[in-house]
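A.B. asks: Sequence:
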Amino acid sequence: MPRRPSGRRERIGQTGLTIIASSGLHALTHRNVDAALAFPPGTTSYYARSRRELVALAVERLAARLDALPLGEASSVSTEPEAVAALTSAVELLLAEHGTDQLARLVLLIDLRGDPELLDLLAESPIQAAVVAAVETLLSQIGAADPTTAAAGLLALIDGLMLASFVSDPPAPVRPAIAAYVAGLPRVEAGGVGGPDVAGEVHGA
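Residue numbers (this note's numbering): 1 to 205.
Worth flagging that the hints you see were computed from the coordinates, not collected in a lab.
Restraint ranges, calculated between C-beta atoms of paired labels, are given here: (1) Arg51 - Ala123: 15 to 25 Å; (2) Arg31 - Thr137: 39 to 49 Å; (3) Ala183 - Ser50: 45 to 55 Å.
The beta carbon of each residue, even a glycine, is placed where N, CA and C say it ideally should be.
Build the full structure now, drawing on both the sequences and the hints.
C.D. replies: Below you can see the structure in the form of structure tokens.
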């Protein structure tokens, strides 16, 4: 569990995430942060001179919180049902216990497209690399023919499911979409590469 922010920079960054998640990046201003934290006017400006520096504090805080998230043990998964269950549980946990962070992350990934330096703090963070590696391992354990490509597609699907969950009422169901994606992956079979699509082509040749 990420530790509670103690210093003012961390508190400003954390409050920035809350504002971004609740009202969008456009609402992240020095004045709004001061008001949310009951700081004297101008306090936030001391720690972040420009708005970009204020956004950077929020991005840095989010990256730190994401990096502190524990990852499950992918090597314990060996069957398709286990993989679907593990992935579904992970996504549901993120939505239930880290929803503000995940919503802020999605907003920032969209709104920071024109700022590669800040975007890379999220897109190239250690936790992002660890998540990609864990998902690749999990998919490899269940016989995916191309775990790297499959992991990229699955993570994109999960981001879409999270976004749908935030804007849908009731929230979009997670398990059916993940189960359908995993079931449709080409698999490595004894004697060569096979799967739902590849095997059909081979047998129909």
